[in-house]
Structures are given as C-alpha cells and as structure tokens.
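Given only the sequences and the hints, what does the whole structure look like? Please build it.
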Amino acid sequence: GESVGLHLPTLSVQEGDNSIINCAYSNSASDYFIWYKQESGKGPQFIIDIRSNMDKRQGQRVTVLLNKTVKHLSLQIAATQPGDSAVYFCAENMGYGGSQGNLIFGKGTKLSVKP
Amino acid sequence: KAGVTQTPRYLIKTRGQQVTLSCSPISGHRSVSWYQQTPGQGLQFLFEYFSETQRNKGNFPGRFSGRQFSNSRSEMNVSTLELGDSALYLCASSSGQGDTPLHFGNGTRLTVT
Chain A
537 GESVGLHLPT LSVQEGDNSI INCAYSNSAS DYFIWYKQES GKGPQFIIDI RSNMDKRQGQ
597 RVTVLLNKTV KHLSLQIAAT QPGDSAVYFC AENMGYGGSQ GNLIFGKGTK LSVKP
Chain B
19 KAGVTQTPRY LIKTRGQQVT LSCSPISGHR SVSWYQQTPG QGLQFLFEYF SETQRNKGNF
79 PGRFSGRQFS NSRSEMNVST LELGDSALYL CASSSGQGDT PLHFGNGTRL TVT
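Just so you know, the protein sequences line up as chains A and B, in that order.
Under my numbering, the first residue of the first sequence carries the number 537, and numbering increases by one thereafter.
Under my numbering, the first residue of the second sequence carries the number 19, and numbering increases by one thereafter.
There may be inaccurate statements among the hints.
Claimed, not checked - Pairs of lysine-lysine, BS3-like flavour, derived with a Cα cap of 27 Å:
| no. | chain 1 | residue 1 | chain 2 | residue 2 |
| --- | --- | --- | --- | --- |
| 1 | A | K646 | A | K578 |
| 2 | B | K31 | A | K578 |
| 3 | A | K607 | A | K646 |
| 4 | A | K643 | A | K592 |
| 5 | A | K578 | B | K75 |
| 6 | B | K75 | A | K643 |
| 7 | B | K75 | A | K607 |
What the hints assert, rightly or not - Residues from chain B that face chain A, not an exhaustive set, calculated with beta carbons under 10 Å:
| no. | residue |
| --- | --- |
| 8 | G21 |
| 9 | Q62 |
| 10 | F65 |
| 11 | G76 |
| 12 | A110 |
| 13 | S111 |
| 14 | H121 |
| 15 | G125 |
| 16 | R127 |
Keep in mind the hints are simulated off the structure, nothing from the lab.
None of the values given here were measured: they were computed from a predicted structure.
Using N, Cα and C, we set each Cβ at its ideal position, and we do this for glycine too.
Here's what the structure looks like:
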C-alpha cells in the first residue's frame with residue numbers, strides 16, 4: 537500500500553530569482569543552527585551554520601537569518617539556479633554536555649527551480 | 019579530503035535477521051553520529067560516538083546498537099529486523115568539539131522484507 541510520508545512544503549521559483557526558505561525551531565535553549573541541502577540519492581550536504589549569538593551570517597549566494605525571539609530561522613539563496621533544486625533542512629543543536637552530534641532536524645522544504 | 023564513506027550502499031534483509039552497517043569518517047574527525055531517515059519520521063538521531071565512547075543516544079530500542087573503533091571508524095548493528103526498520107541510515111562525522119557542522123555520508127539504504 538501507499539506509505540504515509542511527510543508532506544514537504546514545496547517552494548517553486550524561477551531560475552535567477554531569490555529563494556527564501558523558512559524554519560521554526562523547537563527549543564529556545566538551542567545554541568547552534570545548521571542548514572543542509574539533500575539531493576536525491578545523497579546524504580545531507582552542509583550549506584551554512586550560525587551560532588545563537590549572531591542574527592545573520594552570509595556565505596556564497598546564501599544568507600542565514602536567526603530570530604531567537606520567535607524561534608525562527610531562514611535561508612536566503614540569491615540568484616537561484618537549477619542545481620539548487622533539492623530538499624533543504626534546518627537543524628538545531630542544544631549541545632548536551634558537549635555533544636554536537638545530536639541534531640534535531642526540521643521536516644524539510646523541497647525547492648524546485650524552473651529554468 | 020575524502021568525505022564520509024558508508025558501506026554497503028544498499029541492503030535487503032528479511033525480518034528477524036540482523037545487519038551491520040559501516041562508516042568511515044573524514045580523516046581527523048573523532049565524532050561519528052548515526053541517523054535514520056524515513057518518509058514518515060524524517061531524520062532522527064540514533065547515537066553519537068566520540069573517542070570510542072557513546073556520548074549521546076536517541077530514542078530507539080535496544081535492537082539498535084553501535085560502536086566506534088580506535089581509528090574512529092564506526093559500525094551500527096540492528097538485530098531482529100522489523101519491516102519498520104526499512105530506511106536510509108546516515109552516518110555523519112565531525113571534530114566533535116565546539117560548534118562544528120556534521121558532514122554526512124550518502125547513506126545505506128536498508129530494505130527489510
């Protein structure tokens with residue numbers, strides 16, 4: 537029978553446009569946040585991270601914004617390209633006793649880029 | 019640097035059997051974490067090993083276990099397989115110290131029939 541899966545939010549953008557992917561995180565004690573990109577058949581790929589003492593960080597074509605007041609994270613991709621099509625996950629870490637390996641992942645957003 | 023390597027890429031097992039998955043971390047990384055990814059539950063943390071010691075554990079039954087060797091390579095074992103164990107199992111490595119991102123392998127796709 538058909539499996540019940542997560543109904544991923546989908547964002548469809550035109551090539552060259554900017555994309556904004558949003559994420560609400562769960563724990564106000566989280567102090568480290570990461571965005572990952574996952575393409576079909578591959579594992580999550582690190583994009584950018586941000587610590588809780590920052591509210592903005594920029595990378596190459598990507599910017600992450602952190603709003604701790606409302607526990608919200610966003611990923612902005614400038615000049616989106618077809619190669620950006622993938623599922624994007626935000627992840628938070630609460631750093632239990634120095635453990636950085638336990639990430640809590642969001643449900644993911646599927647980004648589709650139309651050429 | 020070579021990335022995280024997971025073997026095998028695909029596995030088909032029968033209910034009741036056991037399975038061992040292998041992970042080689044990025045050179046110099048001492049922390050290895052394991053995750054289960056399913057369409058229904060998404061990405062869920064299984065456990066983390068650092069310097070051969072389990073440092074953290076997720077909410078999975080005792081049938082799921084792991085270990086880490088002195089060269090930081092890690093294995094995870096699932097005993098008495100159930101249909102619901104069908105998933106993509108991902109291994110990730112990091113330095114294990116400070117705020118550093120996890121780097122994931124491409125996973126082992128396990129199908130239980």
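Against the structure, the hints:
no., hint, result
1, A:K646 - A:K578, "15 Å, holds"
2, B:K31 - A:K578, "21 Å, holds"
3, A:K607 - A:K646, "21 Å, holds"
4, A:K643 - A:K592, "22 Å, holds"
5, A:K578 - B:K75, "24 Å, holds"
6, B:K75 - A:K643, "21 Å, holds"
7, B:K75 - A:K607, "25 Å, holds"
8, G21, "9 Å, holds"
9, Q62, "8 Å, holds"
10, F65, "8 Å, holds"
11, G76, "7 Å, holds"
12, A110, "7 Å, holds"
13, S111, "9 Å, holds"
14, H121, "6 Å, holds"
15, G125, "5 Å, holds"
16, R127, "9 Å, holds"
When each numbered hint is compared with the structure, no violation occurs for any of them.
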